[in-house]
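Q: Whole structure, please, built from the sequences with the hints as guidance.
This is what each chain is made of:
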Amino acid sequence: MTDADDEFVPEKPDRLWSLTFPPLVWAVHFLASYLTAAIWCAKAGPQAGDADPVRVAIAAYTVVALTLIAVFGWIAFRKHRTGEATLPHDFDSRADQHRFLGFATTLLAILSFVATVFTALVVVFVGSCH
Amino acid sequence: MSAPEIRQDPPLDDRARRLLKAWETPRGWRYWSAVNNSEVGLWYTIAAFTFFLFGGVLALVMRIQLAFPENDFLTADQYNQIFTMHGSVMMFLFAVPILEAISIMLLPEMMGARDLPFPRLSAYGFWCFVIGGVFVCGSLFFGVGPQGGWFMYPPMTTEYQSGVGVDIWLLGLSFIEVASIAAAVELIVGVLKCRPPGMRLNLIPLYAWYILVVAVMILFAFPPLIAGDMLMELERALDWPFFDASRGGDPLLWQHLFWIFGHPEVYIVFLPSIALVAMIVPTFARTPMVGYGWIVLAAVGTGFLSFGLWVHHMFTTGLPGITIGIFSAASEAVAIPTGVQIFCFIATLLVGRVTRSVCLLFVLAGLATFIIGGLTGVMVALAPFDYQAHDTYFIVGHLHYVLVGGTIFPIVAGFYYFYPLVRGKQLSERLGTIAFWLMLIGFNVSFFPMHLTGLIGMPRRIYTYPAGMGFETLNLVSSIGAFILAAGFVVFLWDVLRPKSKQDLAPRNVWNAGTLEWLAEVPDKPWGVRSIPIVKSRYPLWDQENFVRDVDEGNFYLSDAEETLRETLVTTTVDATPIQCLRVPGPTFLTMFAALFTGGVFIFSTYHWWWAAGVSGVLSLVTILTWLWTGTALIPEKDRKDVGLGLELPTYVSGPRAVGWWAMFITMLGDMTAFVSLVFGYFFYWTIHEDFPPQDARGPGILWPLVSMACVLFAWAATLLAKRFNRQDSAPRFYGSIAAGATAAVVGALALVGACYFHQMDPTRHVYPAIVCALVLWTVVHLAVGVTMHLYCLARRAASRMTSRYDADIVNVTLYWHFMAVTSLITSLVISLFPLVS
Numbered sequence: 001m002t003d004a005d006d007e008f009v010p011e012k013p014d015r016l017w018s019l020t021f022p023p024l025v026w027a028v029h030f031l032a033s034y035l036t037a038a039i040w041c042a043k044a045g046p047q048a049g050d051a052d053p054v055r056v057a058i059a060a061y062t063v064v065a066l067t068l069i070a071v072f073g074w075i076a077f078r079k080h081r082t083g084e085a086t087l088p089h090d091f092d093s094r095a096d097q098h099r100f101l102g103f104a105t106t107l108l109a110i111l112s113f114v115a116t117v118f119t120a121l122v123v124v125f126v127g128s129c130h
Numbered sequence: 001m002s003a004p005e006i007r008q009d010p011p012l013d014d015r016a017r018r019l020l021k022a023w024e025t026p027r028g029w030r031y032w033s034a035v036n037n038s039e040v041g042l043w044y045t046i047a048a049f050t051f052f053l054f055g056g057v058l059a060l061v062m063r064i065q066l067a068f069p070e071n072d073f074l075t076a077d078q079y080n081q082i083f084t085m086h087g088s089v090m091m092f093l094f095a096v097p098i099l100e101a102i103s104i105m106l107l108p109e110m111m112g113a114r115d116l117p118f119p120r121l122s123a124y125g126f127w128c129f130v131i132g133g134v135f136v137c138g139s140l141f142f143g144v145g146p147q148g149g150w151f152m153y154p155p156m157t158t159e160y161q162s163g164v165g166v167d168i169w170l171l172g173l174s175f176i177e178v179a180s181i182a183a184a185v186e187l188i189v190g191v192l193k194c195r196p197p198g199m200r201l202n203l204i205p206l207y208a209w210y211i212l213v214v215a216v217m218i219l220f221a222f223p224p225l226i227a228g229d230m231l232m233e234l235e236r237a238l239d240w241p242f243f244d245a246s247r248g249g250d251p252l253l254w255q256h257l258f259w260i261f262g263h264p265e266v267y268i269v270f271l272p273s274i275a276l277v278a279m280i281v282p283t284f285a286r287t288p289m290v291g292y293g294w295i296v297l298a299a300v301g302t303g304f305l306s307f308g309l310w311v312h313h314m315f316t317t318g319l320p321g322i323t324i325g326i327f328s329a330a331s332e333a334v335a336i337p338t339g340v341q342i343f344c345f346i347a348t349l350l351v352g353r354v355t356r357s358v359c360l361l362f363v364l365a366g367l368a369t370f371i372i373g374g375l376t377g378v379m380v381a382l383a384p385f386d387y388q389a390h391d392t393y394f395i396v397g398h399l400h401y402v403l404v405g406g407t408i409f410p411i412v413a414g415f416y417y418f419y420p421l422v423r424g425k426q427l428s429e430r431l432g433t434i435a436f437w438l439m440l441i442g443f444n445v446s447f448f449p450m451h452l453t454g455l456i457g458m459p460r461r462i463y464t465y466p467a468g469m470g471f472e473t474l475n476l477v478s479s480i481g482a483f484i485l486a487a488g489f490v491v492f493l494w495d496v497l498r499p500k501s502k503q504d505l506a507p508r509n510v511w512n513a514g515t516l517e518w519l520a521e522v523p524d525k526p527w528g529v530r531s532i533p534i535v536k537s538r539y540p541l542w543d544q545e546n547f548v549r550d551v552d553e554g555n556f557y558l559s560d561a562e563e564t565l566r567e568t569l570v571t572t573t574v575d576a577t578p579i580q581c582l583r584v585p586g587p588t589f590l591t592m593f594a595a596l597f598t599g600g601v602f603i604f605s606t607y608h609w610w611w612a613a614g615v616s617g618v619l620s621l622v623t624i625l626t627w628l629w630t631g632t633a634l635i636p637e638k639d640r641k642d643v644g645l646g647l648e649l650p651t652y653v654s655g656p657r658a659v660g661w662w663a664m665f666i667t668m669l670g671d672m673t674a675f676v677s678l679v680f681g682y683f684f685y686w687t688i689h690e691d692f693p694p695q696d697a698r699g700p701g702i703l704w705p706l707v708s709m710a711c712v713l714f715a716w717a718a719t720l721l722a723k724r725f726n727r728q729d730s731a732p733r734f735y736g737s738i739a740a741g742a743t744a745a746v747v748g749a750l751a752l753v754g755a756c757y758f759h760q761m762d763p764t765r766h767v768y769p770a771i772v773c774a775l776v777l778w779t780v781v782h783l784a785v786g787v788t789m790h791l792y793c794l795a796r797r798a799a800s801r802m803t804s805r806y807d808a809d810i811v812n813v814t815l816y817w818h819f820m821a822v823t824s825l826i827t828s829l830v831i832s833l834f835p836l837v838s
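If you're matching them up, the sequences are chains H and V in order. So that you can map any letter, position 67 of the first sequence is 67 in UniProt numbering, and since no number is skipped, the others follow by simple counting. So that you can map any letter, position 500 of the second sequence is 500 in UniProt numbering, and since no number is skipped, the others follow by simple counting.
These are calculated hints, taken from the structure and not from any lab test.
Label-pair distances were calculated between CB atoms; the ranges are:
(1) H:D50 <-> V:A717: 44 to 52 Å
(2) H:L31 <-> V:Y31: 43 to 51 Å
(3) V:L350 <-> H:D50: 49 to 57 Å
(4) H:V28 <-> V:L431: 47 to 55 Å
(5) H:I75 <-> V:R460: 43 to 51 Å
Idealized CB from N, CA, C, for every residue including glycine.
A: Below is the structure:
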């Protein structure tokens, strides 16, 4: 692709770690869900009998996490669609690098979304610590 | 895609001769002082492979014992040592090191770099690995090998095994884990900063993507184990009861720390091998990899998700249902990215024009085997099934399908693929085919029956079994299969070792591959690459016109070494724009001595020879300081240098553009992970106790920890000021602030120790004082390192080896102190204030 193609790309340089935002959200959601469940079940669970507060908390985390992942995914998808070039984004240009990062991040956002839903589904089916 | 050019060597001109001189490999006994990636990588590979063969022989010995019921070929004691060593050797001395070995050897070649940024660090890591490995393996021959399984579960290993075996495991392998982290630092900085100009993120070879992910995983996976090792060794050596339930400890903490390491570890060994597959498949399909972006998704996605799986090794420990569900869900989710890359490989093979070769046979065998292992993995990720299969031979079958399919077969494929690149000769396709069939058949005959033995109830890790339980035939079949598999390896080993002096040299780029490592000449020259190319494609040898000729004629960067110094290019992380001409250090014995002395600390400590360990520690410190003093942040003879093609680059940079800064940052991330693991321990004990800290326990109080925190924060601020004063070239103020910082740090350390001492905390009484003292110990040791760094900078400036312009030392030390401040802040706040709110 020509250098003229680079005009489509915003001035701001790309960042490698933007790739990790969606899975980082998954990681934080995962850790928060695990810790909430572990602490509740260790401290209050045996007396409380059920784990409803944990379920509510995880539901709230999930709404936040899925929203964030969707936002990151959308931003990334827009990057992937910059300009007119199509996959596999292997040209030696800033524009294709930008598109590539967008594409890979979009895929990671989809994976993170599914993995977060997997975590959330647990409290749909499991209602107690035992 | 055009056919790659095959060219004869051009005659050496003056530029090439100078370059060759700079990169010359030392001869005679000095050969062992080499630090170049090609030498160290080769030694590393040979050493790791030797350990693999040793681990394999141990496996055969086990299979002889298990071939018949009530066999007395081995005693229970010997069997325990052997299965422990088999697992430990294969995981710690083969699977992880071989990935580091292959990467150290080939990654610079794949990126057209002359070497990795810290060759001496690689050499140090290698020597640590060899010394630690020989020490751990040697224990077996004296009958004192560890017997706790590769996971060393307490309380068995803390209360019921009093011999030195466990200590050998803990200290010997901790020492090797240090080497792994060193390699991780090297590889991360290598991938991010030493790519050739033009190799943007979307053009990086897939191998480098995988290695980047794996190295980051090592950084977050190994430190929890190091923290766990530290706790267990403190329990064994000083009786601090971290895992002793009668004094408030809990063996489950070890399981958490071990498996936070242990499960990512599976992917740490799997991804680099699959990375080899990602290099081999396009070559033999004669087409670029289909779904490059999808493979990056797979690598990064697996890297993340693999950290959410560790509890699936603990499903039967009585954890809450929700916890089990969460980890079961993540264990299922990881199958998605793992599967994606396999579909990409299959798609590439389908769209390409596949040529037959032994490499590809092993790749296909690896994929098929791994898929079977992956599917049984999905089965055991389901908790109800796991309850049945846990600790049976079903798991042994499953994990061997994963590891042999995901790691061993691709590595053998890698040997066949890269052997001509490294040694200049091809391995035999005929012997390779024989080895392939023997291995494939032997493996399946050996391990498939184990699923069945497991399902009918045979537990793991038993030295024998009674007749009449239905285990006999299956075990005999497994043992026969093991020997067929071993025969395959004997054929393979013969192919690698057989004399090849009469065999013709392989042609250059023998497989017509498209990636940079195949620029290597036959026989190869020590300079790595004649000139560092500008890359415009994922497969430059296929796509860029006259590419090989231009590289060979020195038409790209750094085709000369005017000062006969070893140099390579540093580029930016994303766009790969050149920013520095990096001088990399040459041969030295310092790294070997540093490793010997560091090894002494660990080895002597095993036998409680504290004096010898102390002396060894001092010698190690002196050697490492000498290494740093004479070999790092050297002031160049000129500020900028013409690297060719009209480009002038600085020869010295400091701060975030410098590789040293990145190395410090990455090391400290790993260090912080280990620290967080200890803090996790503190809160873990809080969750399992009704009252934590216990009512009658003595704590460190509030005053002393907060005094310590204030002192350390002062020391941190003084370090920041010292950096600024150095830049302003204000020597008195620089010395003043460094001295103030060092003094404050010492006072801070004393205040922390005082907090424990004045409150008469006895770490052997209960786990609460023990974990507080562990956090204090960690922080104090780090403060000691911080003060050493202060004094080092002071001496550097006094010796004019650091100036206001050339200030990498103090800049990196400041970075260390940022992490130090966070460590101190967390330690002090947790131990002083948390008891008030809990």
